[in-house]
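Quick mapping for you: the protein sequence lines, in order, are chains A and B. The opening position of the first sequence corresponds to residue 92 in our numbering, with each subsequent residue numbered one higher. The opening position of the second sequence corresponds to residue 85 in our numbering, with each subsequent residue numbered one higher.
Treat the hints with care, as some may be off.
Claimed, not checked - With a cut-off of at most 27 Å between alpha-carbon atoms, the simulated DSSO-like pairs for lysine-lysine come out as follows:
#1 B/Lys87 - A/Lys295
#2 A/Lys200 - B/Lys87
#3 A/Lys114 - B/Lys87
#4 A/Lys111 - A/Lys201
What the hints assert, rightly or not - Derived list of chain B stretches under chain A, where covered just means 3 residues or more per stretch with a C-beta under 8 Å from a C-beta of chain A:
#5 129-140
#6 168-174
#7 191-197
#8 202-210
What the hints contain is simulated information worked out from the structure, not anything from laboratory work. Keep in mind it's a predicted model, so treat the numbers as computed, not measured. From the three backbone atoms N, C-alpha and C, an ideal C-beta is built for every residue, glycine too.
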Amino acid sequence: MSAAQPQLGITLFSLTAEYKAGKYTFEELLARTASEGVGPGVEFVGFQMIRTYPEVTDDYATRLRRLFDEHGLVPTCLDANVDIGRRRDRHMTDEETAEYLRVQMVTAKKLGFPMIRIQFGAKPGAIRLVAPIAEEMDVRLGMEIHAPHTVDHPTVVALRELYEEIDSPYLGFIPDFGSSARAVPAGAIALQRRLGVPEETIQKILDVRAEVSRGEREAFAARRELMESLQSEGASGDALQFAWRSLTLWGLQPPELWAEIMPRVLHIHGKFFGIDENGDEPSIDYATIMRVIHEASYTGTIASEWEGANWTPHPDGFAMVRAHHAMMKRYLAAA
Amino acid sequence: MAKVELIGTTVGRTADGCELRVRSPWYRSLPLSSVLIELDVDGDAVEPGRMRFCVNDRDRAFDELAEVYDEFWFVLDAGRLRVRDVEPGEHEIDFRLGLRIPYLFDEETGAVHTIHNRVQRTIVVPEEAEA
Numbered sequence: 092m093s094a095a096q097p098q099l100g101i102t103l104f105s106l107t108a109e110y111k112a113g114k115y116t117f118e119e120l121l122a123r124t125a126s127e128g129v130g131p132g133v134e135f136v137g138f139q140m141i142r143t144y145p146e147v148t149d150d151y152a153t154r155l156r157r158l159f160d161e162h163g164l165v166p167t168c169l170d171a172n173v174d175i176g177r178r179r180d181r182h183m184t185d186e187e188t189a190e191y192l193r194v195q196m197v198t199a200k201k202l203g204f205p206m207i208r209i210q211f212g213a214k215p216g217a218i219r220l221v222a223p224i225a226e227e228m229d230v231r232l233g234m235e236i237h238a239p240h241t242v243d244h245p246t247v248v249a250l251r252e253l254y255e256e257i258d259s260p261y262l263g264f265i266p267d268f269g270s271s272a273r274a275v276p277a278g279a280i281a282l283q284r285r286l287g288v289p290e291e292t293i294q295k296i297l298d299v300r301a302e303v304s305r306g307e308r309e310a311f312a313a314r315r316e317l318m319e320s321l322q323s324e325g326a327s328g329d330a331l332q333f334a335w336r337s338l339t340l341w342g343l344q345p346p347e348l349w350a351e352i353m354p355r356v357l358h359i360h361g362k363f364f365g366i367d368e369n370g371d372e373p374s375i376d377y378a379t380i381m382r383v384i385h386e387a388s389y390t391g392t393i394a395s396e397w398e399g400a401n402w403t404p405h406p407d408g409f410a411m412v413r414a415h416h417a418m419m420k421r422y423l424a425a426a
Numbered sequence: 085m086a087k088v089e090l091i092g093t094t095v096g097r098t099a100d101g102c103e104l105r106v107r108s109p110w111y112r113s114l115p116l117s118s119v120l121i122e123l124d125v126d127g128d129a130v131e132p133g134r135m136r137f138c139v140n141d142r143d144r145a146f147d148e149l150a151e152v153y154d155e156f157w158f159v160l161d162a163g164r165l166r167v168r169d170v171e172p173g174e175h176e177i178d179f180r181l182g183l184r185i186p187y188l189f190d191e192e193t194g195a196v197h198t199i200h201n202r203v204q205r206t207i208v209v210p211e212e213a214e215a
């Protein structure tokens, strides 16, 4: 084992189902993260956990920081949202986007987070506006690369070029390993059958994904055309959701391509959908991914992000994240 | 897949109709401008003007809701859909909730991704309002 290792952690997004069902409050999730040993890194979606988000009062911030300290948790990344389409009539301008991000950066700073996750609604023009604010506030901006985006998608390539130009340690990427999946989880397909999505619709969706996989179609265009086609057939909301997800949760980037951006990776979403009886993730090639992380000497955080609750009858996000940590530790020890 | 949840089969009675309580299917709070609601009662579409949606202790007409992009429906809160001119008794309802997901958009067309949820159910509007 080499000396420098990534820090492990969790994003509380993994516990969405249980949180929404009222099994845990936000405060209980933090306590349980500590007692389950799935920290020390802690990340969450601001708009999921905080009623007053995107703002917080000073008192709230003080209380939350005290909780982090009491539980020995390290705030790693606050998941901001770039709600570019929040108005019905038009997208936000670059100036409005920069201001929306600035407010969330103030909240991150108050809560002790060194970084916010941003999304592709933040166009290069907005990034230019917000970069000096990031330096001044000492809060980094991590653009999440989530399927269907891949490191070689034109939008991502444009941002990589902008990052080279500005060359600031405050700007970087957050890979989400769902961008480099190798299969749609069996449980997700079984769920569609239980929901009554017709077999031929399921097959049509999987066929389109296979065409993208073989490089015959571009992922974004294929997703749009698939959605339009299903809508014109009068497909159910469930079918449309699965069609969207087939290329949005399980992207087709080869995992070794993450190496291209590792020097600018600030944080990682260790996305996973399940862990099998051998302790591996059937849908994502973690052996390759962990090798890429090791070879890049990455010492940031890998936040385990379980997104399999939808097709799991009695989800236990903490058990899943424990299993995911065990898998990553196994790969790191062997590296 | 998380689904919209309509709470209870016996719904609330208001002075001039009923109130349905709804939980969001999404994982995070969304701006009120994201919320798109359609309702049929006993097979007839309810005019939007007969409905108001209430979160954060304030109810709004749908055209007002569409403009509120800087206030949020907190993910754990039930929204209340107030419908005028619904008589006490049993009704068949067909409720559709669309949610515009404001950070998910098509880079080429600019279209904002909208998810669709639907609940069809028999509800009972009580004779007497709750004390």
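We went through each hint and held it up to the structure:
Of the supplied pair hints, the one linking B/Lys87 and A/Lys295 holds, its CA atoms being roughly 23 Å apart against a limit of 27 Å. Only pairs whose Cα atoms come within 27 Å are accepted, and A/Lys200 paired with B/Lys87 is rejected, the gap being roughly 34 Å. Between the alpha carbons of A/Lys114 and B/Lys87 the distance comes to roughly 17 Å, so the proposed pair stays at or under 27 Å and holds. As the CA atoms of A/Lys111 and A/Lys201 are separated by approximately 26 Å, the hinted pair is consistent with the 27 Å bound.
Proximity of the region 129-140 of chain B to chain A, defined as three or more residues with a beta carbon under 8 Å from a beta carbon of that chain, is not established by the 0 residues found. Given a C-beta distance limit of less than 8 Å, the hint that chain A covers the region 168-174 of chain B is violated, as 0 residues qualify and 3 are needed. Here's how the region 191-197 of chain B fares: 6 of its residues keep a CB closer than 8 Å to some CB of chain A, so the rule of at least three is met and the hint holds. Figure legend: the region 202-210 of chain B, annotated as covered by chain A; annotation inconsistent (1 residues with Cβ-Cβ distances under 8 Å, at least 3 required).
Consistency note: the structure conflicts with the earlier hints numbered 2, 5, 6 and 8.
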